[in-house]
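S.K.: Protein chains in written order, with the numbering used here: chain A, 1 to 312; chain B, 1 to 611.
Think of the hints as simulated: they come from the structure by calculation, not from any bench. Note that beta-carbon positions come from the ideal geometry of N, C-alpha and C, so glycine has one too. Check before you lean on any hint, since a few could be wrong.
Keeping only pairs whose Cα atoms sit at most 16 Å apart, straight-line, the calculated EDC-like set for lysine to aspartate or glutamate is [said to hold, decoys possible]: (1) B:294 to B:233; (2) B:234 to B:71; (3) B:441 to B:543; (4) B:294 to B:347; (5) A:64 to B:524; (6) B:552 to A:280; (7) B:519 to A:51; (8) A:32 to A:59; (9) B:363 to B:446; (10) A:271 to A:172; (11) B:102 to B:446; (12) B:555 to A:280.
Derived DEER-like restraints, expressed as beta-carbon distance ranges [to be verified]: (13) B:550 to A:266: 32 to 40 Å; (14) B:453 to A:6: 50 to 58 Å; (15) A:266 to B:553: 55 to 63 Å.
Covered stretches of chain B (chain A as the covering partner; in silico rule of three or more C-beta atoms under 8 Å from a C-beta of chain A) [unchecked claim]: (16) 96–104; (17) 206–218; (18) 274–283; (19) 359–369; (20) 484–492.
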Amino acid sequence: MDILLTGVYVVFFPGFFTVVIIGLLSSWVDRKVTARVQYRKGPPLLQPFYDVVKLLGKETILPKQGSRFMFILAPLIGFVSISIVAVILMLRPLVATSFVGDLIVVVYLLTLPSLALIIGGAASGNPLAAQGASREIKLILAYELPFLIAIALIVYKAGFKIDLQTLSATSELGTVSGIISFIIVLLCVQAKLGFVPFDIAEAETEIMSGPYIEYSGPLLSVFKITQSLMLFTLPVFMITVFWGGIQFHGWELLWFVIKYVVILVLIIVIKNTNPRVRIDQALKFFWGFCTVLAIIAFVLAVIGNTYGIAWL
Amino acid sequence: MKLDVLILLLNIFLPFAVAVLLLLIPKKVRWLHELLTLLTTLFCVAAALRFLLFASQAKFTMLLFSIGNFELAFDIGLNSLNTFMLLFATGFAFLIAMYSLKYMAAKEKRKQYYVFLLTTLGGASGVLVSNHLLVLLIFWEVVSVSLYFLITTGGKGSRAGATKTMAMIGAADGCLLLGIGFLWYLSQLLYLDAITITINNWLSILCFILMMIGAITKAGAMPFHSWIPKASEKAPASVMALLPASIDKLIGIYLLFILCTKIFVLPQGLLLTLMIIGVITIVAAVMMALVQHKLPHLLSYHAISQVGYMVLGIGTGVPLGIAGGLFHMLNHSIYKSCLFLCAGAVEHKTGTVELEKLGGLSKTMPVTFITCLIAALSISGVPLFNGFVSKWMIYQGMLSGQNAYLLIFLIAAMFGSALTLASFIKVIYSVFLGRTSTVTKKVKKDVGITMQIPMLVLALLCVLFGVWYSLPLNEFIYPATQTTPVPIGSWDSILAIILSGGGLIIGLFIYMAGRIKKKARVGETFIGGEVLKAEDIRVPGTEFYNSIQSMKPFKGIYNIQNKGALDPYNWFGRLGLAFSSILKKIHNGILPFYVFWTLLGMGVLILLFIL
Numbered sequence: 001m002d003i004l005l006t007g008v009y010v011v012f013f014p015g016f017f018t019v020v021i022i023g024l025l026s027s028w029v030d031r032k033v034t035a036r037v038q039y040r041k042g043p044p045l046l047q048p049f050y051d052v053v054k055l056l057g058k059e060t061i062l063p064k065q066g067s068r069f070m071f072i073l074a075p076l077i078g079f080v081s082i083s084i085v086a087v088i089l090m091l092r093p094l095v096a097t098s099f100v101g102d103l104i105v106v107v108y109l110l111t112l113p114s115l116a117l118i119i120g121g122a123a124s125g126n127p128l129a130a131q132g133a134s135r136e137i138k139l140i141l142a143y144e145l146p147f148l149i150a151i152a153l154i155v156y157k158a159g160f161k162i163d164l165q166t167l168s169a170t171s172e173l174g175t176v177s178g179i180i181s182f183i184i185v186l187l188c189v190q191a192k193l194g195f196v197p198f199d200i201a202e203a204e205t206e207i208m209s210g211p212y213i214e215y216s217g218p219l220l221s222v223f224k225i226t227q228s229l230m231l232f233t234l235p236v237f238m239i240t241v242f243w244g245g246i247q248f249h250g251w252e253l254l255w256f257v258i259k260y261v262v263i264l265v266l267i268i269v270i271k272n273t274n275p276r277v278r279i280d281q282a283l284k285f286f287w288g289f290c291t292v293l294a295i296i297a298f299v300l301a302v303i304g305n306t307y308g309i310a311w312l
Numbered sequence: 001m002k003l004d005v006l007i008l009l010l011n012i013f014l015p016f017a018v019a020v021l022l023l024l025i026p027k028k029v030r031w032l033h034e035l036l037t038l039l040t041t042l043f044c045v046a047a048a049l050r051f052l053l054f055a056s057q058a059k060f061t062m063l064l065f066s067i068g069n070f071e072l073a074f075d076i077g078l079n080s081l082n083t084f085m086l087l088f089a090t091g092f093a094f095l096i097a098m099y100s101l102k103y104m105a106a107k108e109k110r111k112q113y114y115v116f117l118l119t120t121l122g123g124a125s126g127v128l129v130s131n132h133l134l135v136l137l138i139f140w141e142v143v144s145v146s147l148y149f150l151i152t153t154g155g156k157g158s159r160a161g162a163t164k165t166m167a168m169i170g171a172a173d174g175c176l177l178l179g180i181g182f183l184w185y186l187s188q189l190l191y192l193d194a195i196t197i198t199i200n201n202w203l204s205i206l207c208f209i210l211m212m213i214g215a216i217t218k219a220g221a222m223p224f225h226s227w228i229p230k231a232s233e234k235a236p237a238s239v240m241a242l243l244p245a246s247i248d249k250l251i252g253i254y255l256l257f258i259l260c261t262k263i264f265v266l267p268q269g270l271l272l273t274l275m276i277i278g279v280i281t282i283v284a285a286v287m288m289a290l291v292q293h294k295l296p297h298l299l300s301y302h303a304i305s306q307v308g309y310m311v312l313g314i315g316t317g318v319p320l321g322i323a324g325g326l327f328h329m330l331n332h333s334i335y336k337s338c339l340f341l342c343a344g345a346v347e348h349k350t351g352t353v354e355l356e357k358l359g360g361l362s363k364t365m366p367v368t369f370i371t372c373l374i375a376a377l378s379i380s381g382v383p384l385f386n387g388f389v390s391k392w393m394i395y396q397g398m399l400s401g402q403n404a405y406l407l408i409f410l411i412a413a414m415f416g417s418a419l420t421l422a423s424f425i426k427v428i429y430s431v432f433l434g435r436t437s438t439v440t441k442k443v444k445k446d447v448g449i450t451m452q453i454p455m456l457v458l459a460l461l462c463v464l465f466g467v468w469y470s471l472p473l474n475e476f477i478y479p480a481t482q483t484t485p486v487p488i489g490s491w492d493s494i495l496a497i498i499l500s501g502g503g504l505i506i507g508l509f510i511y512m513a514g515r516i517k518k519k520a521r522v523g524e525t526f527i528g529g530e531v532l533k534a535e536d537i538r539v540p541g542t543e544f545y546n547s548i549q550s551m552k553p554f555k556g557i558y559n560i561q562n563k564g565a566l567d568p569y570n571w572f573g574r575l576g577l578a579f580s581s582i583l584k585k586i587h588n589g590i591l592p593f594y595v596f597w598t599l600l601g602m603g604v605l606i607l608l609f610i611l
């Protein structure tokens, strides 16, 4: 594959710009469904785009305290890292071998947007942002444990392979352990997205968006774009790892869209039917219930593999 | 005698000679101490660089004496393994000597500091190049003793930490000696390049475990870790950066590597033991680090936790994992000494290491902040920094074992990495970000250039080894392990940096597009419209993990740990006390009692003679 073509893939289709557009459209879906659940009309289709453009025209206010350099750099770090994940996942079907990195790289990169949010909040010198940053990092610790166990199960089922090509070739949803870990990863994704019931770090009614509180104008729009990128990339990650991956030809593409919409709707439904939990409840939920469930799934998979029971 | 051999001998003995010379030079001639130390360390770096560039295989043997088939020979030699380690050991010594110019300038025990810095360097070089185990042990002891004296340069109260360090390392060195004794009994050989022992009976297992204790205590793995936090309390930060962070790791893991790959052929069970030690060390130490309130304490718990990855990597027993373990040792020495140097810089400027009293230093100490941030990201294993690459290799080493229980270790190690990240967010927030405190308000500018250069060099190495990781792997690690393992996964860091460069440009473009019309305004922070005093708005980073600390199972464990119940130093201390209390009871000062004992003893003796 020559460099020019790869460049086009990375920047336009199916890479960066496509992902941004789909991401913003997904956030419209999110807002529309949420509005319908709450008996509101909801925004028009292009509202997320209007929001970004409008934010670009707004004034940038930098905080007097804290580190201005990190305050500006942080949103960019998050934006870059999630873009790389998006490109890795979207370009996978088009390249024969692995592109940029493997599963471990992706798992590590997926924590970076949260890290960027924490550093940005901490750099603002605002006590509420610091409070939010502290909650966000604890939330990372909470969901990372069951998340890693569920990912380890996938690695086990794939025969200790970590390249995304091998992992995307099979669907794990035909087995009990696969379904359980899928549900766990879905809950972790909810937390990674910072959606209710795990929007503890932002908690608008309590600490006024936490780490985002000092952000305004273009920097806030970078964060908004990052969020919508995550709203697309994380379900794609789930599809790649659990649900047979993406293919860009014929009916496969439609099949992928259906899978994506299913996961998106699940996320939105969870978001709209639950109240926000406290951080200690989230810790208990992830380290207790989810971890135990993930371990059970793992044990089931090992039993199934050892005794040749396919449906486990 | 060839030139290389001469240089090699000088590399070991010049530091000792200069150390003796420094003792003779009066304390007032400060510049001469500093100059001689700098020149000596610089010479050693140059020598090591020369060995590396010319792939020198210099050897030197001098038989000291022999009884029967026991030979004590001063046998040193270079190979692809110790050459690169020598370069880094000397390199760290040079950087830290440079850092010390300013850092130690006002300290009272400066002379003692420079003398033992040099003996450490000589001892470490000796350990790395000796081919005879007893010679290795002698140099090993030199490093241990130098550490004691270096810690005591911290002034008042540093002796307690030094004593604990000496007691634990001394005991471990005793184990090492005993292990070497068994090795002699088993193989009748003491030359490193000649011994190969297949572990098949209990004696060889005991021998391996004793020697392993010597190695991992030096490196600081659990359960023999507790000297590092104690020593860090009062020791100068540069001492922590030199020994527990870098040179002790280098020589400890060097010995472990030799034990596991050259001297012994390990069965699966012992490899598993090593891996369990590694995983427990990673998770337990990082959980401790999470709740520390003092910067050196926190860093030293990480120095322990990271050893876990190295032990884990070597314990996998597959080439990829072993290479990853060695690479992690190298990377850890780089970023951890950088972190300790940053902590030293902060302490130098503010006079405190309490995280609660610090904050908001990123504006006044930008260089320290950036280097500390890079080192923190490296230790947390963020991609594009060096810590990620070696961890990634270790994970793959575990995966190539193709066993379900290895995945448990993998989960624990990766979760340990997340905990490390959490703990360093606390550091970065409490020291550099957030709001200024009464202490940090007084800081006007960053530390001097001689303190900045070592930190910058180390931070640069973190990025270089992270992005262009094939360089250290192909130049240092793979020649040393004599394998070129093929990774299971893929990590194209060059492509990733191009992509992130592109992403950064797009991001900056979005940001700048919004700023074309209006300039950015600087405003006060918004706290829901409330007007609060500056002191009330500070959120200390030390409170970040209170909700984890007060969670049910952890609360109990932390309480037990705080009482010191998990520290082998205390176990043996208590054992010693119990033993001496029995002796104390016998000595009750009553004369007839002593007479009775004497008579009883005589009676026993007479009885023995009669029989």
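S.K.: Against this structure, judge whether each hint is valid.
M.R.: Hint check results:
1. This hinted pair checks out: residue 294 (chain B) and residue 233 (chain B) have alpha carbons roughly 9 Å apart, not beyond 16 Å.
2. Between residue 234 (chain B) and residue 71 (chain B) the CA atoms are separated by roughly 42 Å; this puts the pair beyond 16 Å, and the hint is violated.
3. In summary, the hint linking residue 441 (chain B) to residue 543 (chain B) is not supported, as the alpha carbons are separated by about 21 Å, beyond the 16 Å threshold.
4. Distance hint between residue 294 (chain B) and residue 347 (chain B) is fulfilled; the C-alpha atoms sit about 11 Å from each other, no more than 16 Å.
5. For the proposed pair residue 64 (chain A) and residue 524 (chain B), the alpha carbon gap of about 5 Å is at most 16 Å, so the pair holds.
6. As the CA atoms of residue 552 (chain B) and residue 280 (chain A) are separated by approximately 11 Å, the hinted pair is consistent with the 16 Å bound.
7. For the proposed pair residue 519 (chain B) and residue 51 (chain A), the alpha carbon gap of about 21 Å is over 16 Å, so the pair is violated.
8. Pair hint residue 32 (chain A) plus residue 59 (chain A) does not hold up; C-alpha atoms about 28 Å apart against a cutoff of 16 Å.
9. Our distance criterion of 16 Å between C-alpha atoms is met by residue 363 (chain B) and residue 446 (chain B), whose separation comes to about 9 Å.
10. Distance check on the hinted pair: residue 271 (chain A) and residue 172 (chain A) sit about 25 Å apart at the alpha-carbon level, beyond 16 Å; violated.
11. For the suggested pair residue 102 (chain B) and residue 446 (chain B), the alpha carbons sit about 13 Å apart, so the restraint of at most 16 Å is met.
12. Between the alpha carbons of residue 555 (chain B) and residue 280 (chain A) the distance comes to roughly 14 Å, so the proposed pair stays at or under 16 Å and holds.
13. Look at residue 550 (chain B) against residue 266 (chain A): about 33 Å separates their beta carbons, and that is inside 32 to 40 Å.
14. Separated by about 40 Å at the C-beta atoms, residue 453 (chain B) and residue 6 (chain A) break the suggested range of 50 to 58 Å.
15. The beta-carbon spacing between residue 266 (chain A) and residue 553 (chain B), approximately 32 Å, falls outside the hinted interval of 55 to 63 Å.
16. With 0 residues bearing a CB less than 8 Å from a CB of chain A, the region 96–104 of chain B misses the requirement of three and the coverage assertion fails.
17. With 0 residues carrying a beta carbon less than 8 Å from a beta carbon of chain A, the region 206–218 of chain B misses the three-residue requirement, and the given coverage is violated.
18. Beta-carbon proximity to chain A at under 8 Å applies to 0 residues in the region 274–283 of chain B; the threshold of 3 is not reached and the given coverage is violated.
19. Only residues whose beta carbon comes within less than 8 Å of a beta carbon in chain A count, and the region 359–369 of chain B has 5; three or more means the coverage holds.
20. Coverage of the region 484–492 of chain B by chain A holds in this model, with 5 residues showing a Cβ closer than 8 Å to a Cβ of that chain against a need of three.
Hint violations for this structure: numbers 2, 3, 7, 8, 10, 14, 15, 16, 17 and 18, all remaining hints satisfied.
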